[in-house]
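Chemist: Assemble the complex: chain V is given as a structure, and chain B must be docked to it using the hints.
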Amino acid sequence: AQSVTQPDIHITVSEGASLELRCNYSYGATPYLFWYVQSPGQGLQLLLKYFSGDTLVQGIKGFEAEFKRSQSSFNLRKPSVHWSDAAEYFCAVAPVYSSASKIIFGSGTRLSIRP
Amino acid sequence: NAGVTQTPKFRILKIGQSMTLQCTQDMNHNYMYWYRQDPGMGLKLIYYSVGAGITDKGEVPNGYNVSRSTTEDFPLRLELAAPSQTSVYFCASNDIGSFQYFGAGTRLSVL
Numbered sequence: 003a004q005s006v007t008q009p010d011i012h013i014t015v016s017e018g019a020s021l022e023l024r025c026n027y028s029y030g031a032t033p034y035l036f037w038y039v040q041s042p043g044q045g046l047q048l049l050l051k052y053f054s055g056d057t058l059v060q061g062i063k064g065f066e067a068e069f070k071r072s073q074s075s076f077n078l079r080k081p082s083v084h085w086s087d088a089a090e091y092f093c094a095v096a097p098v099y100s101s102a103s104k105i106i107f108g109s110g111t112r113l114s115i116r117p
Numbered sequence: 308n309a310g311v312t313q314t315p316k317f318r319i320l321k322i323g324q325s326m327t328l329q330c331t332q333d334m335n336h337n338y339m340y341w342y343r344q345d346p347g348m349g350l351k352l353i354y355y356s357v358g359a360g361i362t363d364k365g366e367v368p369n370g371y372n373v374s375r376s377t378t379e380d381f382p383l384r385l386e387l388a389a390p391s392q393t394s395v396y397f398c399a400s401n402d403i404g405s406f407q408y409f410g411a412g413t414r415l416s417v418l
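Which chain is which? The protein sequence lines are V and B, in order.
When the letters of the first sequence are read in order and numbered with the numbering used here, they come out as residues 3 to 117.
When the letters of the second sequence are read in order and numbered with the numbering used here, they come out as residues 308 to 418.
Okay, chain V solo, but in the shape it has when bound (with noise of 0.2 Å):
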């Protein structure tokens, strides 16, 4: 079955630090990757998506993803987080080549700053 696995649920670390946030997946085949972020009341924003080409995807607000075929992840990265990263963040999943585009979410990591 098609899934998404956020394996940590509360990540906390502290203001400059690096960050790494893991998403793992499991699919027929290599699909669209993408990380969403949600900030408290809000909506999910688009962070960065992995279609195809560069396993090294850069995307809005200093983060960065590497996909890794061999190990099924997607894992989100930024050298050193602000105050201001502190949000939920979504790894998703979408079948390439769907009429229907349909998006699988992880279950979503909570990301606390600590001062």
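It is worth saying that the hints were derived from the structure and are not from the lab.
Bear in mind the structure is a predicted one, so any value in this text is a computation, not a measurement.
Even for Gly, the Cβ is constructed at its ideal location relative to N, Cα and C.
Just so you know, not all the hints are guaranteed correct.
Claimed, not checked - Partial list, derived from the structure: chain B residues whose beta carbon lies under 10 Å from chain V:
1. V311
2. T314
3. L350
4. C398
5. Y408
6. F409
7. A411
8. R414
To be verified - Listed next, with one range per pair, are the computed distances between beta-carbon atoms:
9. V:R112 to B:S391: 18 to 28 Å
10. B:L418 to V:T32: 42 to 52 Å
11. V:D10 to B:K364: 29 to 39 Å
12. B:L418 to V:G18: 17 to 27 Å
Modeler: Relative to chain V, chain B alone:
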């Protein structure tokens, strides 16, 4: 360019009441979706549509209905509200092969 607009932002319903959550997008996207997000959980797909006049059930459709008479609008109907429908509802849209744009959400409480 407003993107995806949801109304209302907040609503409190009594058990058994009905309401319609509105969703409008101005990007001429063919695909539209309704999700619910329960506390501490990811998004669950309720219904989706691949174009005007075409809708299909998602993962958790029970208790909801949708229609898609135009490309722009995709309303979600709750006929007999139940406490289990207390959640935050998100509408999204996209074109094939592109990422989804999300509305800001509707927070619904059923008491």
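Chemist: Could you tell me which of the hints above the structure violates, numbers in ascending order?
Modeler: Checked against the structure, the hints that fail are numbers 2, 12, while the rest are satisfied.
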